[in-house]
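Residue numbers (the numbering used here), protein chains in the order written: chain E, 10 to 99; chain S, 39 to 433; chain H, 2 to 293.
For the record, the hints were derived by calculation from the structure and aren't laboratory data. Treat the numbers as computed from the prediction; the structure is a model and nothing was measured.
Which chain E residues stay away from chain H? Per the calculated CB distances, all over 10 Å, these:
#1 F11
#2 Q39
#3 D41
#4 C42
#5 A44
#6 N63
#7 T64
#8 P83
#9 F90
#10 E91
#11 E92
Just some of the chain H residues that point at chain S, by a computed CB distance under 10 Å:
#12 A49
#13 I61
#14 A68
#15 A69
#16 A77
Glycine included, every Cβ here is placed at the ideal spot set by N, Cα and C.
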Amino acid sequence: MFGPLVVKPIKSKGDKTGAWRIKLRPKYLQKDCIACKMCVLICPEACVRGKEKNTYNCDYNYCKGCGLCAAVCPKKDILMFEEEFAGDKK
Amino acid sequence: MKELLEGSRAVAEAVKLCKPGVISAYPITPQTHIVEELAQMVASGELDSQFINVESEHSAASVVLGAVATGVRAFTATSSQGLLYMGEVVFNIAGMRLPLVMTCANRAISAPINIWNDQQDSISLRDAGWIQLYAENNQEVVDFHLMGYRISEDKSMMLPVMVCMDGFILTHGMEMVDMPEQEKVGIFLPPYQPLYKLDPAFPISMGLLADPDYYMETRFAIKETLKDALQFIPKVALEFKNIFGRDYKDCLVEEYHTKDAEKVIVAMGSVCGTIKEVVDEFRKKGKKIGLLRIISFRPFPYQRVYEILKDIPRVAVLDKSVSLGAYSPLAIEIKAAFAGKKKAPQAISSFVAGLGGRDITPESIKDILRKLTQKEIDLEFIDLKPELLKESYGD
Amino acid sequence: METDTLFKPGHTACAGCGQAIGAKLVIESAGPNTIVVNNTGCLEVFSAKYPESAWNVPWIHSLFENAAAVASGVEAALIYLGKKANTNVIAQGGDGSTADIGLQALSGMLERGHDILYVCYDNEAYMNTGVQRSGLTPFSSATTTSPVGAKSFGNIRPKKPMPEIALAHGIPYMATCSSAFMQDIQRKIKKALSIKGPKYIQMHVPCPLGWRHESELTLQVAKLAVETGLYPIVEYENGVLISKGEITPKPVEEYLKVQGRFKHLLTNPEAIKQIQDIADYNIQKYGLKKEG
Numbered sequence: 010m011f012g013p014l015v016v017k018p019i020k021s022k023g024d025k026t027g028a029w030r031i032k033l034r035p036k037y038l039q040k041d042c043i044a045c046k047m048c049v050l051i052c053p054e055a056c057v058r059g060k061e062k063n064t065y066n067c068d069y070n071y072c073k074g075c076g077l078c079a080a081v082c083p084k085k086d087i088l089m090f091e092e093e094f095a096g097d098k099k
Numbered sequence: 039m040k041e042l043l044e045g046s047r048a049v050a051e052a053v054k055l056c057k058p059g060v061i062s063a064y065p066i067t068p069q070t071h072i073v074e075e076l077a078q079m080v081a082s083g084e085l086d087s088q089f090i091n092v093e094s095e096h097s098a099a100s101v102v103l104g105a106v107a108t109g110v111r112a113f114t115a116t117s118s119q120g121l122l123y124m125g126e127v128v129f130n131i132a133g134m135r136l137p138l139v140m141t142c143a144n145r146a147i148s149a150p151i152n153i154w155n156d157q158q159d160s161i162s163l164r165d166a167g168w169i170q171l172y173a174e175n176n177q178e179v180v181d182f183h184l185m186g187y188r189i190s191e192d193k194s195m196m197l198p199v200m201v202c203m204d205g206f207i208l209t210h211g212m213e214m215v216d217m218p219e220q221e222k223v224g225i226f227l228p229p230y231q232p233l234y235k236l237d238p239a240f241p242i243s244m245g246l247l248a249d250p251d252y253y254m255e256t257r258f259a260i261k262e263t264l265k266d267a268l269q270f271i272p273k274v275a276l277e278f279k280n281i282f283g284r285d286y287k288d289c290l291v292e293e294y295h296t297k298d299a300e301k302v303i304v305a306m307g308s309v310c311g312t313i314k315e316v317v318d319e320f321r322k323k324g325k326k327i328g329l330l331r332i333i334s335f336r337p338f339p340y341q342r343v344y345e346i347l348k349d350i351p352r353v354a355v356l357d358k359s360v361s362l363g364a365y366s367p368l369a370i371e372i373k374a375a376f377a378g379k380k381k382a383p384q385a386i387s388s389f390v391a392g393l394g395g396r397d398i399t400p401e402s403i404k405d406i407l408r409k410l411t412q413k414e415i416d417l418e419f420i421d422l423k424p425e426l427l428k429e430s431y432g433d
Numbered sequence: 002m003e004t005d006t007l008f009k010p011g012h013t014a015c016a017g018c019g020q021a022i023g024a025k026l027v028i029e030s031a032g033p034n035t036i037v038v039n040n041t042g043c044l045e046v047f048s049a050k051y052p053e054s055a056w057n058v059p060w061i062h063s064l065f066e067n068a069a070a071v072a073s074g075v076e077a078a079l080i081y082l083g084k085k086a087n088t089n090v091i092a093q094g095g096d097g098s099t100a101d102i103g104l105q106a107l108s109g110m111l112e113r114g115h116d117i118l119y120v121c122y123d124n125e126a127y128m129n130t131g132v133q134r135s136g137l138t139p140f141s142s143a144t145t146t147s148p149v150g151a152k153s154f155g156n157i158r159p160k161k162p163m164p165e166i167a168l169a170h171g172i173p174y175m176a177t178c179s180s181a182f183m184q185d186i187q188r189k190i191k192k193a194l195s196i197k198g199p200k201y202i203q204m205h206v207p208c209p210l211g212w213r214h215e216s217e218l219t220l221q222v223a224k225l226a227v228e229t230g231l232y233p234i235v236e237y238e239n240g241v242l243i244s245k246g247e248i249t250p251k252p253v254e255e256y257l258k259v260q261g262r263f264k265h266l267l268t269n270p271e272a273i274k275q276i277q278d279i280a281d282y283n284i285q286k287y288g289l290k291k292e293g
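For reference, chain E alone in the conformation it holds in the complex (with noise of 0.2 Å):
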């Protein structure tokens, strides 16, 4: 008999942080995004995604809204907003 020993990476992804949100939540403008991808590079949760220019964006069920990306990205193509006022809502 053995009992919870061992997790496989099936299992994780598993709390949606994003629901740690309680002051702002970042809005990608994808308008003057020049791809450098350090918004990838800093963000903590891994939840930053995207391929060309103007795509990249995060994901809500995970931002914990901790800012990193708005304060790396060299263009202020990434910009904090008040929780209830964000435009983009998924």
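Based on the hints, put chains S and H in the right spot on chain E.
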């Protein structure tokens, strides 16, 4: 083939037969000869294994943990302070259900520092989730290592095994040992097939945090598996007998003239050799004395003990360790075997002897038998020197 | 959303966690043929709580202080299996499990010459247990066990020189880096893994909770630590300094004033001077000042 071997050499030969891929150890008396022999075998190319010299027992246990988690059979050995120092890893290995065999060359615990034999070290880790087998002689030491891997790695068990051998008495003692043949070992002990392992081809996470929703089941599972081990160890002993010819019966206990005995001594390890001599001497004189030797201290064979001792009038339990502030460890178990039962010995008296390497002589055993009357003795130290207790300080 | 990453979303690190940025970059740079051995600490707790795991590579946690030793066993097993050549082994932990309780195991791993990369995520205190002082807590930092009071202005000792201690083992590669300089992390991880033998990388990772700054300041705070000279970015190969993060030094106040853990110093010019001395010493020692 029978050979005259030092106990430590015999262990090394047995381990070599089991072909561990990783060996890691840190030196501590009286374990040293075991790992020196293995290091030499690896150095000379006799044994294909990674021998990792670490900076502490904590790391020795951690290295073998990592090796087994990667799917490779491993071995380590230690004693005394070393076992305590690796204590949290010892618990960890069982908690992660990683099969392993470790030799404990039993030695006293500091303070005062003392390099000689008793069983306080392994007894102190009795709650770690390991199977603990106590050997009487070096033939058993060899055979228990083979059986240890077979038991440990079975998919129904996946728990580590500690082979406990009395320091110096067995580790440094020369005895005739019948070394198993490699071919037969190959039949008895198949290559290690892990249930899960660290492998990039199939990534898993091991050693996760388990909160109150998950922790208890891991402990319950080990408890249940150890209960199953009481059935499984005898099966392995039978397989062993069929291949190698040596019969350890159920390999949980050994009965020596217990059937009609009026007095039985219960003990573990090499002291049972001395007790057997005394039993033989008394039996020649027509006195009905017997020995019940506990081989498997964990899991503890309560039912077997009950059946063997229930009609014995007087039982003496001889411990080579203490549980300070309580009854001594083996006595606790023997008494527990009769809790709430209809039948029980009139007296289960508890004796402690041989701590820190003090000789347990035939006279010590006879002293115990003399003191084993109808009046139950809670806990008595044998061969104590009262004059040494007169030291006083601070006046 | 893609799901084929090696460090997955859904973990429970605090918002803006510097260690989460670092750990993600380390494993994504190392690639899928990597086995990770993790000490106990924030990273282990927030990334691997049953039944969830953020790790899409083989990952093991044993105890607080033994990742370096467990990794040694993993590496030995891979050698025995003939699989070491195409498998990376990374051991990792926080500053406490690396420089304090795990220093012995780490030293053993470095000295024995195992082909393992050890990564220390340095957030400068025991954050997992509630911000207690470690051997890598900086001078004058307020923690829960080096608090500020009438007779105390925080931690009384400077950081243990862990990079130098690692380097003194004669290892082929040692580098420091910062979660503010992400491409630098990627480059150093790849470089380290291209070298056989024991490697040590120490990464400065802000902890918004423990350092008491807003989550969006993680980047700025980490940058300032480097730009003031308080966290020198250096890279050594075979004992030789091969790269360094050159700076136009900023005064240390700029770094101190954005964090609650140093707030008590802002009215204490003497203490600020002592911290400036540490930065100046670093700048001189490694030649960090940009020419011209």
